Amino acid sequence: MICPIEVISQTGPSLVLPNEINGSIKLDNAAIRDSNVVTSRQELLSVFVKNDEDKYSSNAIQGKYRVESHYLIFTPYFPFERGMAYVVRTKNTVLDSNYTYQSFRVGEKKVVDKAGVVSIYPSANELPENLLRFYFYFNTPMKKGQALKHVQLIDSAGTIDNHAFMEFKQELWSADGKRLTILFDPGRIKRGVSTNMELGPALLEGKGYTLDISGDWEDVYGQKLTIKTSKEFVVGKAYRQQIKVNELEIKKPAANSDDTLIIYFDRIVDHALVQSMIRIEDENKNLIVGYWETSEEERTIQFIPEKTWEKGTYRIIMDGNMEDVSGNNLNNLLDQKPSEQNSNLQEIIRPFSI
Amino acid sequence: MTTSNQIKSLGVLKFSDEGILFAGDNVSGTIVALNFTAEIKTADKFEINVYSIDAQVAAILGTTKDNVQLNDLAVHPKSGQVYLSITRGHGIEALPALIKVDAENELHIIDLSTLELTVQDLNNLPDNDRRVALRGTGRSAPTIKEIAKSERSLRTLAIVAIEYHKGELFVSGISNEEFCSVLRRMPYPFDGKESISNIEMYHIVHDQFESRAPIRSMVVKEIDGIEQLVAAYTCSPLVLIPLDEIKDGAQVKARTIGDMGNGQPVDMVPFNMKGQEMLFVTNNSRSPMVIPVSGLHNAKVVTDKDFERGPKLDLNPMMPFGPMGKSIMFSGASLRIDLLNEEQFISLNRDAEMGSLDLETVQTMVPFKMHNMIGQMDIPVADKK
Chain W
80 MICPIEVISQ TGPSLVLPNE INGSIKLDNA AIRDSNVVTS RQELLSVFVK NDEDKYSSNA
140 IQGKYRVESH YLIFTPYFPF ERGMAYVVRT KNTVLDSNYT YQSFRVGEKK VVDKAGVVSI
200 YPSANELPEN LLRFYFYFNT PMKKGQALKH VQLIDSAGTI DNHAFMEFKQ ELWSADGKRL
260 TILFDPGRIK RGVSTNMELG PALLEGKGYT LDISGDWEDV YGQKLTIKTS KEFVVGKAYR
320 QQIKVNELEI KKPAANSDDT LIIYFDRIVD HALVQSMIRI EDENKNLIVG YWETSEEERT
380 IQFIPEKTWE KGTYRIIMDG NMEDVSGNNL NNLLDQKPSE QNSNLQEIIR PFSI
Chain Y
59 MTTSNQIKSL GVLKFSDEGI LFAGDNVSGT IVALNFTAEI KTADKFEINV YSIDAQVAAI
119 LGTTKDNVQL NDLAVHPKSG QVYLSITRGH GIEALPALIK VDAENELHII DLSTLELTVQ
179 DLNNLPDNDR RVALRGTGRS APTIKEIAKS ERSLRTLAIV AIEYHKGELF VSGISNEEFC
239 SVLRRMPYPF DGKESISNIE MYHIVHDQFE SRAPIRSMVV KEIDGIEQLV AAYTCSPLVL
299 IPLDEIKDGA QVKARTIGDM GNGQPVDMVP FNMKGQEMLF VTNNSRSPMV IPVSGLHNAK
359 VVTDKDFERG PKLDLNPMMP FGPMGKSIMF SGASLRIDLL NEEQFISLNR DAEMGSLDLE
419 TVQTMVPFKM HNMIGQMDIP VADKK
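Taken in order, these protein sequences are the chains called W and Y.
In terms of the working numbering, the first sequence opens at residue 80 and continues consecutively.
In terms of the working numbering, the second sequence opens at residue 59 and continues consecutively.
To be clear, the hints were calculated from the coordinates, so they are not data collected in a lab.
All the pointers check out, no bait thrown in.
In silico negatives: residues of chain W with every beta carbon more than 10 Å from chain Y:
id, residue
1, D107
2, D175
3, Y178
4, V196
5, T308
6, E326
7, E426
8, R429
9, I433
Cβ-Cβ distance ranges computed for the label pairs, FRET-style:
id, chain 1, residue 1, chain 2, residue 2, range
10, W, K223, Y, D364, 41 to 47 Å
11, W, N177, Y, N107, 28 to 34 Å
12, W, N101, Y, N430, 41 to 47 Å
13, Y, I202, W, I239, 30 to 36 Å
14, Y, Q322, W, T289, 47 to 53 Å
15, Y, Q322, W, K223, 24 to 30 Å
16, Y, N107, W, S182, 27 to 33 Å
Since this is a predicted model, take the numbers as computed values, not measurements.
We treat Cβ as the ideally placed atom computed from N, Cα and C, and that holds for glycine.
Chain W with its partners taken away, still in its complex shape (with noise of 0.2 Å):
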């Protein structure tokens, strides 16, 4: 059926192709008073997958049309499929004969990342006697439910721990499977307590270890890891004071830079912590936005703003849950005695001006 609509220009069609799985076709063609009709929207304008055949009469592309001054938009219900070939064919009218065919991909064929161990955290290389946790990422998601057949802690004398860490049903993964927690099992780290007592503590003040990765461990694609990733270290004091906010050093920015802000820690803060409690207010209580490194091993975290740093009054706001990686937070350590639990503020507060 023809429809009735109001051709303004006879030029060939101009289109603007997407260059994201989530756009949209846009046509340039007349401007069209009366697109209402359904039927001659596809006649002007429809999306096909490629075929080997190269028909393009049936089973087009489904989704959304819309009307901009002179622009007939198709965005597809579902999303392009990077890499894949598709077939725009247009129409100058819906009275013209002759459509016109243009091929396009949206991106590169998604090929799956090699599997990989990327990082360890805590990167330093001495670490406390109470270490609470480790964090592995990967570079793709990994296969759940086998993590303590793949992570070991061998000694010096080439001792393996096979009770260092906790076993839970459940796994400490990220949502998007490439960043697992493991802990040591806090009944080693805690004095007093009966396993801490059998077996001793997992860790040992001037010892050295290797944590070990298997390389035989699948991700979700069954790719093994394939080599094997080590991370040797020596284990110094254990952390038994809590952080003292107020005392931290501090690097304030200097105004109408974009300097960072800088927060030196006397010892190795949880990393992946610091992105969720620690923020920085202004004198309103706006949020400043921007994001927080880590540096120096942990022992320093950086803050990069968005945006120029106004004159005026800020404040840094710490979450009392933020934690070094032995488990102290800010309020109480991981190993106290119960008669000497501290009140437990939600936020501590470090106010500085510029």
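Dock chain Y against chain W, hints included.
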């Protein structure tokens, strides 16, 4: 009222008589109710035959058929249009799609963002990280396909079948418990509450009581004067469960009344055969069974006490056991089926010779197409000289 953003997957489908479409979302762990009550009849009688439907579904979704999976189908009770639940893409990038096939055999993507829907959250769901057990067949080591099966999350069995009956939903599947075969019961409209009952049954073929395998397909029928679920299990007992016993926390002992003799049931569709009520039970590994409902009345309930010890497989002379009706001819394999109208089924068929996936209309009395068969009537009589 909620938004379609909450739908993460669309699996089993079931229409209420009014046109509410219930869909199982295993990824979210919810039952979604989509309102299609305004849909009306557009054509009096029509057939739907869409060949290579997976390729056509893929095309309108902007992809290729290796990126789509057709999960279930359901026929709208008033319009007769067929709804298909689809997974587009794989793994964490997978997206749900709902597609309608109309009387003209045209495919339409349903824009989920415009639909009126409500959601019921389910409790005690199986963990995503727990997998199907790995086993081989007999003395053979597991094959690549059997290993692939063992990588499946138990979560994919959270919602296996849905039955709607008089303002209530019955949902079979597994939970996170030790005896994990469960029936969930909830009112519609949803009120946020569900009852969960554990179901145990005697499995004739395996010669044991089982409480982990989920019910694969089921319908509510009045049997022996009371409303009961007629439910089919893998390998392949048929059981009765009085609705009265399906209460929260109940350990229900289902009544085993028969066994089809191995295989995994897929759908159970009631239909009328010359005035007699029948159940059409499809299976992914054997021919469909046509079971007369009349035979389920006064059926003998069996337990381990009724048999000699040991497994009883398909070839055992007593199989099929009980009032299981007849195994009937079907061309290719029906992966999903529903009643299209009083005389016809609509079936998602895997063609035995071509391997194509076709949506086909077949007669309830003769449930197959002729396209794979050459017999006497297909050879024309030679012209007489």
